[in-house]
Amino acid sequence: MSLSPSVSVEGAARLALSGAWTLAQSAALDPAARAIEAEGGASKSLALDLAAVEAMDTAGALLINRARARLQEHGVTVSVNGAQADHAILLAATPFVPEPPPPPREPFVVHMLADVGVSSSVAVEDLLKGVGFLGRLTLTFAGLIARPGRWRPTSIVYHLEKYSWRSAPIIMLINFLVGGIVAQQGLFQLARFGAPQYVVDLIGVLVLRELGVLLTSIMIAGRCGSAITAEIGSMKMNEEIDALRVMALDPMETLVAPRVLALVVALPILTFLADMSAILGGLLVAAVYGGVTPDVFIARLQGAIGLNTFLVGLIKAPVMALVIGLIATGEGFAVWGSAESLGLKVTESVVKSIFMVIVVDGIFAMLFAAVRY
Amino acid sequence: MTGNGALSAEVVIGLRGLEVGFGKQLVLKGVELDVRRGEVLGLVGPSGGGKSVLTRTILGLNVKRAGTIQIFGQDVDALTRAERHRQERRWGVLFQHGALFSGLNVQQNVEAPMREHLQLDPATRSEVALMKLDLVGLPRSAASKLPSELSGGMIKRAALARALALDPEIVFLDEPTSGLDPISAGDFDDLIATLQKTLGITVFMVTHDLDSLYSICDEVAALAGGRVIAKGPVEALRASDDPWLVQYFRGKRGRLRGAAS
Numbered sequence: 001m002s003l004s005p006s007v008s009v010e011g012a013a014r015l016a017l018s019g020a021w022t023l024a025q026s027a028a029l030d031p032a033a034r035a036i037e038a039e040g041g042a043s044k045s046l047a048l049d050l051a052a053v054e055a056m057d058t059a060g061a062l063l064i065n066r067a068r069a070r071l072q073e074h075g076v077t078v079s080v081n082g083a084q085a086d087h088a089i090l091l092a093a094t095p096f097v098p099e100p101p102p103p104p105r106e107p108f109v110v111h112m113l114a115d116v117g118v119s120s121s122v123a124v125e126d127l128l129k130g131v132g133f134l135g136r137l138t139l140t141f142a143g144l145i146a147r148p149g150r151w152r153p154t155s156i157v158y159h160l161e162k163y164s165w166r167s168a169p170i171i172m173l174i175n176f177l178v179g180g181i182v183a184q185q186g187l188f189q190l191a192r193f194g195a196p197q198y199v200v201d202l203i204g205v206l207v208l209r210e211l212g213v214l215l216t217s218i219m220i221a222g223r224c225g226s227a228i229t230a231e232i233g234s235m236k237m238n239e240e241i242d243a244l245r246v247m248a249l250d251p252m253e254t255l256v257a258p259r260v261l262a263l264v265v266a267l268p269i270l271t272f273l274a275d276m277s278a279i280l281g282g283l284l285v286a287a288v289y290g291g292v293t294p295d296v297f298i299a300r301l302q303g304a305i306g307l308n309t310f311l312v313g314l315i316k317a318p319v320m321a322l323v324i325g326l327i328a329t330g331e332g333f334a335v336w337g338s339a340e341s342l343g344l345k346v347t348e349s350v351v352k353s354i355f356m357v358i359v360v361d362g363i364f365a366m367l368f369a370a371v372r373y
Numbered sequence: 001m002t003g004n005g006a007l008s009a010e011v012v013i014g015l016r017g018l019e020v021g022f023g024k025q026l027v028l029k030g031v032e033l034d035v036r037r038g039e040v041l042g043l044v045g046p047s048g049g050g051k052s053v054l055t056r057t058i059l060g061l062n063v064k065r066a067g068t069i070q071i072f073g074q075d076v077d078a079l080t081r082a083e084r085h086r087q088e089r090r091w092g093v094l095f096q097h098g099a100l101f102s103g104l105n106v107q108q109n110v111e112a113p114m115r116e117h118l119q120l121d122p123a124t125r126s127e128v129a130l131m132k133l134d135l136v137g138l139p140r141s142a143a144s145k146l147p148s149e150l151s152g153g154m155i156k157r158a159a160l161a162r163a164l165a166l167d168p169e170i171v172f173l174d175e176p177t178s179g180l181d182p183i184s185a186g187d188f189d190d191l192i193a194t195l196q197k198t199l200g201i202t203v204f205m206v207t208h209d210l211d212s213l214y215s216i217c218d219e220v221a222a223l224a225g226g227r228v229i230a231k232g233p234v235e236a237l238r239a240s241d242d243p244w245l246v247q248y249f250r251g252k253r254g255r256l257r258g259a260a261s
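These protein sequence lines are chains L and G, in that order. Residues 1 to 373 (this note's numbering) are what the first sequence spells out, left to right. Residues 1 to 261 (this note's numbering) are what the second sequence spells out, left to right.
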């Protein structure tokens, strides 16, 4: 193994360098180079003797050059003697070019205010872009209605299978469990008022109006929204979107429309399945924990809910699908260049869709209350 | 250090009976190849002939079925994990599309291997990284750019700077000049030649570029049908009567350049 780089003083204004000035000796390299500056700083001129240097690489050469440059800056004349031929080549190939110090940073408060300003304007822009995207999608669908030959049934069926069929088991399972949990809690709380059978009303109204569609939408935003953003985003990175455009194919028509349409069809179906499994979960728990027999449960359920209760949930589903589809595809198109931006956009897509699903649900709640539905 | 083409020099990469396959398909059928210290080896061959597979196998990215790979005189199968890591620090790789880390800027990309493997203080590390950028001919203004903001030629240069970050003894270049215009490609060849001469590194280069073969390669190996069908100086391969080599060097695209050289 080679020796670590070292510097020794050889009489007045003469330094001898020895050892291996290579990155393999990285820990000792920098101190050795600084030793040259420290030892040579006092004299007017300095001779560096490199004859004993065993090995050198570009980093070692750079650091020797750096010491030379810094000494010369302080008015010390530095000469280099005895370098082996290939070391001399290395020294010549790696001149030290100092980097100007970075400009001072802005004060923290300014930085923070600027951040707030930027994110506010981005939020407004996002909203405008979303509206613009909805407009383009509407135009695309209008175009598709005018020319039914341009529908892509294969793509729609494929995505329908991916979003609807393959999501069904997990969505049914989650809603079954949530139905059971709500029933169990309801039973315990209502038993204190001596009215455990009202759990049926609780389950029926809560699940059909709110929980079924909300849980399904959130699951789909997480499961399918992320997948859509990642798919479209990686196509964007790979210039596939541009390839479509130059083939006179509209990405809105080929990529967005089938996905959004599949979601709009899938979500009501999934919501229906979710409703049924949540009620089944509630029914089982009510029977086991509360002694409410299934036939009593079903009889009460018929009294507790009307068709409108069921429809409230179902009406919301396609709108939720549209929201998720718009956000997921829009974020996909917003991916650029790096893998990092893909990850960022997928996260944003899921967070934004879930947020918007809840906002839209709130708007619907006010709307239905206003029309007394 | 710069034993250019000296045949007595130490063998840094030695392949014996190397077989690599995927599923039922055998891609490399017994490759025999020696790369000597300080030489620039150009690996040519038809597309799909196994050039990339061979490179990736030497680098340990593909698993071989049979044969031995010796790097720096050591059989890679006999190495412990730690020895293997030490060996990996002695080579640098330029991937075909750069493979720069897209979340890091150019300077951070070059610093990444240094940060992980060396004990340099951050200021010095940054100076060394900027020197590498100077060395490959990138302007300092490119240091803070992200890979997605660079042109193809700049990506190649930045990736070369990263490959050279640890001052490796062997540099693997996968199609270094593909996707560059002829002038940039020529510049890049010159750059590799200059670096090879000053740093004394061994270069293992996969290429389709006849100009590169003529201007910078000491040795050329032709890989076809999963075997090395010929190896030697480019003139020797040009004179070979193997049908693929005849096509390659004296075909429509080969003739002009051959005549010009």
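Since the hints were made in silico from the structure, they are not lab data. Remember, predicted model here, so these are calculated numbers, not experimental data. Using N, Cα and C, we set each Cβ at its ideal position, and we do this for glycine too. Possibly wrong hints are sitting among the right ones.
[Stated by the list, open to error] Below, computed lysine to aspartate or glutamate pairings styled on EDC-like, alpha-carbon distance capped at 16 Å:
hint : chain 1 : residue 1 : chain 2 : residue 2
1    : G       : K231      : G       : D34
2    : G       : K197      : G       : D181
3    : G       : K24       : G       : D34
4    : G       : K197      : L       : D86
5    : G       : K231      : G       : D218
6    : G       : K145      : L       : E340
[Unchecked claim] Just the calculated beta-carbon pair ranges, DEER-fashion:
hint : chain 1 : residue 1 : chain 2 : residue 2 : range
7    : G       : S148      : L       : E161      : 29 to 37 Å
8    : G       : S215      : L       : P102      : 35 to 43 Å
9    : L       : S234      : G       : V63       : 43 to 51 Å
10   : G       : S215      : L       : E161      : 53 to 61 Å
11   : L       : I145      : G       : A99       : 45 to 53 Å
12   : G       : E149      : L       : V351      : 23 to 31 Å
13   : G       : K145      : L       : G143      : 46 to 54 Å
14   : L       : R136      : G       : S215      : 35 to 43 Å
15   : L       : G130      : G       : F101      : 50 to 58 Å
16   : G       : K145      : L       : M112      : 44 to 52 Å
17   : L       : E10       : G       : G103      : 19 to 27 Å
18   : G       : E149      : L       : A28       : 46 to 54 Å
19   : G       : S148      : L       : G222      : 51 to 59 Å
Hints and how they fare:
Proposed proximity of G:K231 and G:D34 is supported: the alpha carbons are some 9 Å apart, at most 16 Å. For the proposed pair G:K197 and G:D181, the alpha carbon gap of about 24 Å is over 16 Å, so the pair is violated. Restraint check for G:K24 and G:D34: the C-alpha separation of about 28 Å exceeds 16 Å, so the hint is violated. Proposed proximity of G:K197 and L:D86 is supported: the alpha carbons are some 9 Å apart, at most 16 Å.
Restraint check: the Cα-Cα separation between G:K231 and G:D218 comes to about 11 Å, which is no more than 16 Å; the hinted pair holds. At roughly 15 Å between alpha-carbon atoms, G:K145 and L:E340 fall within 16 Å of each other, so this suggested pair holds. Between G:S148 and L:E161 the beta carbons are some 34 Å apart, a value that agrees with the proposed interval 29 to 37 Å. Between G:S215 and L:P102, the C-beta spacing of about 40 Å keeps the proposed range 35 to 43 Å intact.
Between L:S234 and G:V63 the CB atoms are about 27 Å apart, so this pair departs from the stated range of 43 to 51 Å. A hinted range of 53 to 61 Å holds for the C-beta pair G:S215 and L:E161, which are about 56 Å apart. Taking the beta carbon of each, L:I145 and G:A99 are about 46 Å apart, inside 45 to 53 Å as hinted. The hinted window of 23 to 31 Å between G:E149 and L:V351 holds, with their beta carbons roughly 27 Å apart.
For G:K145 and L:G143, the hinted distance range of 46 to 54 Å is not satisfied, since their beta carbons lie about 40 Å from each other. Checked against the given bound of 35 to 43 Å, the beta carbons of L:R136 and G:S215, roughly 52 Å apart, lie outside it. A C-beta distance of roughly 32 Å is found between L:G130 and G:F101, which places it outside the suggested range of 50 to 58 Å. Separation of G:K145 from L:M112 is about 26 Å and departs from the stated range, judged on CB atoms against 44 to 52 Å.
Remark: the range hint 19 to 27 Å for L:E10 to G:G103 is contradicted by a beta-carbon distance near 49 Å. The beta-carbon spacing between G:E149 and L:A28, approximately 37 Å, falls outside the hinted interval of 46 to 54 Å. In this structure, G:S148 and L:G222 break the distance hint of 51 to 59 Å, their C-beta atoms being roughly 28 Å apart.
Hints 2, 3, 9, 13, 14, 15, 16, 17, 18, 19, counting from the list given before, are not met by this structure.
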